[in-house]
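Q: Protein chains in written order, with the numbering used here: chain L, 1 to 230; chain E, 1 to 291.
Don't read these hints as lab results, they were simulated from the structure. Fair warning: this is a prediction, and the values are worked out from it, not measured in the lab. Glycine included, every Cβ here is placed at the ideal spot set by N, Cα and C.
Lysine-lysine pairs mimicking DSSO-like chemistry, simulated, CA-CA at most 30 Å apart: (1) E:Lys-218 - L:Lys-166; (2) E:Lys-198 - L:Lys-185; (3) E:Lys-201 - L:Lys-185; (4) E:Lys-249 - E:Lys-228; (5) E:Lys-201 - L:Lys-166; (6) L:Lys-195 - E:Lys-201.
Chain L stretches covered by chain E per the calculated footprint, using a threshold of three residues with CB under 8 Å from any CB of chain E: (7) 145-153; (8) 160-172; (9) 180-194.
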Amino acid sequence: MLLSKQKPFEEILGFLEGESRVFLLGCDGCAQASGTGGPVQVAEMKSKLEDAGKTITGTDVVGFLCEKALVKSRLAPKTNAIMGSDSILVMTCGVGIQAVAASVNKLCHPGCDTQNLGGSRGEWQGSERCRECAECVLESTGGICPLTSCSKGLLSGQCGGASAGKCELSPEKDCGWELIYHRLKALDQLDKLKKLAPPKSWSKMSPDVHILATSHYALENPAQEEAATE
Amino acid sequence: MSLKSELESGRFAITAEIGPLKGTDITEIVEVAELLRGRVTAANVTDQQSSVMRLGSMVTCHLLSDHGLEPVLQMTCRDRNRIALQSDLLSAWVLGAENVLALTGDLPALGDHPDAVPVYDLDSVQLLSVISRLNEGFDMMGNELKGRTDYYAGAVVNPGADTEASFDMQLFKMEKKIAAGAKFFQTQAVYEPERFAKFMKRVEGFGVPVMAGVIPLKSVGMARFMNKNVAGVCVPEETIQRCAAAEDKTQAGIDIVAELMRDLKDLCQGLHVMPIGWEKKVPQMLDAAGL
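Here chain E stands alone, though its shape is the one from the complex (with noise of 0.2 Å):
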């Protein structure tokens, strides 16, 4: 069953993240779509993820549809303009992508190539009213295309925004996004159930599915490394000291996010599990969270 179906029809549904790898070699690709194939409904394709430069979304969407999996294509605003944005839709819809996550895209500022042009000719919000056109058979600017697209578009919120203003200002851009043609929304990181409870509580009237996303904690370093760098996201100190103690750290990484997955799966339509690395382990951790 398709992620839009599944969706849809009111079902749970879980994506994962896949993060093309820096070169050629595909073979871990190959053997996560093995792994991942039957287990979650989808799979995200990042786009040149914190601004690293890597084998593309496209072409790694491609290859996880020959295996069975579908994929989720990721498309950010920073490193096209409009007519490459538009096109690159265009070709991974022929290429068999069905889902798109529209993105406005980090920084090149906070990548690998800190010197790269940041393009940003259109901004998240704006590419999705692009991909409503083109599933309506028409370019942004209103020429007539041979052949349309019919993308499941989706988009990103972050629920842990953490002034009144940020908070307030996700929910306008949440509805913004609605109206530009977001049909599901996958979450930053979520770590305190209770927190998240009250953003679904603010966003129940919006009717679109949520899909909260969870990161598996690898070490204490990362938890606090993601408090202190990466935005919206918070690991509780309780959680990172339960981290610290546990002496096989990996079981631990592994049992803190199947709980959370647990306590996180009544409050939303859906979960986004974020890797990191950890792709191989997804299985076990939908096995420890019963899902």
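Only chain L is shown next, with the shape it has when bound in the complex (with noise of 0.2 Å):
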């Protein structure tokens, strides 16, 4: 899951600038999630650029535009909508976009900012976030993480800037320590926060060195594969 919020459409009129035809793509994948290039984000994009004096010369909505082999599929049946274009505005995420013009020998635009999913992975509803820090403190804070709970991620506790058991930054926020006390209190557990939090290795939350050679990184490099497997 990656999270995108449209372009602001002056900007992408300005990317447009002296184009008359496009073509416009979108996902249905983590951009219908996002409401930012599914099948009606991408019908709306084209009422707008028609109104702005541009020719939509075909849309296509794939899921998933950061699979590469399945663009390329896809989109074989429209080359010549495709290849009569001036560019392709694709709705999605940096990932796809990124996809779509490594598969496509035409100019494309991003349709998409893809912002930081602060935590959320996989699922989009709750409001449970994991910063994937690789050294699970849950234990210690009666299942509710403080780095992501806590405006600073702080691991030793409340910072003083708490109010009413708001975070500094909003009163609409809650103070995550405030949540981690009242769920140790619950569980009788409020000793947990007397104990020292010791440094954490941020060093463990990037991938194993493996993990980047060998996965998808690798199938697009066999040679790669072949040499690491013998």
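With the hints as a guide, dock the two chains, each given alone in a separate frame, to form the complex.
A: Structural data, given as structure tokens:
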């Protein structure tokens, strides 16, 4: 899951300056879930661009634009419409835009900005967030992550900025440590707050080198894959 | 007499806070240093207070030393990772700083560079452990230092936490800070001596000196602003009204803080004055309080 938001329409029009024929491409994976590049948004974009005087040579919504093999096979029947355009406006995440640009010999414009997920992965309902820190501390915090629930990601407890149980960042935001306190209190585990937390090993956050070298990346580089399995 | 020897020998100590300005003009810092020398035991220098970019704490501490005023280096975890924090601690020691106050630091979003990345590689408790380790002659990875530090490390506590959870957590954290090496505490601004007395009762057994923080009221607007925006600060309505009724606001501000200091004096081991722009009026405040 990647989260995106649509770029301002003025910015998109700026990209299309001097062009008259545009092919629109959306994604019914994450971009649809984000409400930025699904069938609905592609249809909306088509009518807005037509109102702005552009000719839309065709549209498609592919799941998932991040898979280059899929992009190529799905777009093959539309080669004429695409090649007859000045450009493609790709309404999806940064990975999808790059995958399309790598698969199609045509100028691609980004229609969306990809945002940080803030820790939400896979499911997008609910409020639980994980920073994928590779050193889970939930055992000592009552199952509430301080890295994502505290604005400062503090490990040693509440800072002096909390007021009435809310974060200094905004009265709308619960202080994560206040939530942790109440959870631990309910579990009769407040003693856990007295334990010193060691500094985090941020280096653990990066995937292991062998994973980077042998997963999808390696599939795109068969020679390396072969070398790795020899 | 140094801050450490005063607090350790049980004498009442007074510190004042100096906030460096934005820019390279150090005229005022030198003037303030001259004025405060001999009147306070030491002066804290803030570290990019409120996440507003200014002249640094380390160099300002060095200037204070040069002018005969003992500095307390404030160090936050907001802008530096663990490499920079440790290196700066070594550097400041070489430049003459002997006291350090470890803080987490305000969020960048609250300051004048809201787009800055918040670091928080370590937090205040972990920073105190690191300081203790440097004092022992090792960095936090256990590598031996050629020449150690010998900092007198302090920390902050908010005695005005406004929920039961907050109050409990302040105490838990205070104990962790002591375990990590904090030898003294300075508090968030206090305006209600009775409430502060209750806090002191709770921390009596911790056995560390506590210096009560005070901020002079410059205006009614300032009091209302702090009540609304500064966690743990509660200026009673009665005090605000007194400020509002006064003809000479400056004199009222000085009188109010002087009374407060007299009331707090017997409850704790020291006072920490945060003048917020009124640095040059600190001697007047101390005179009025008979300190």
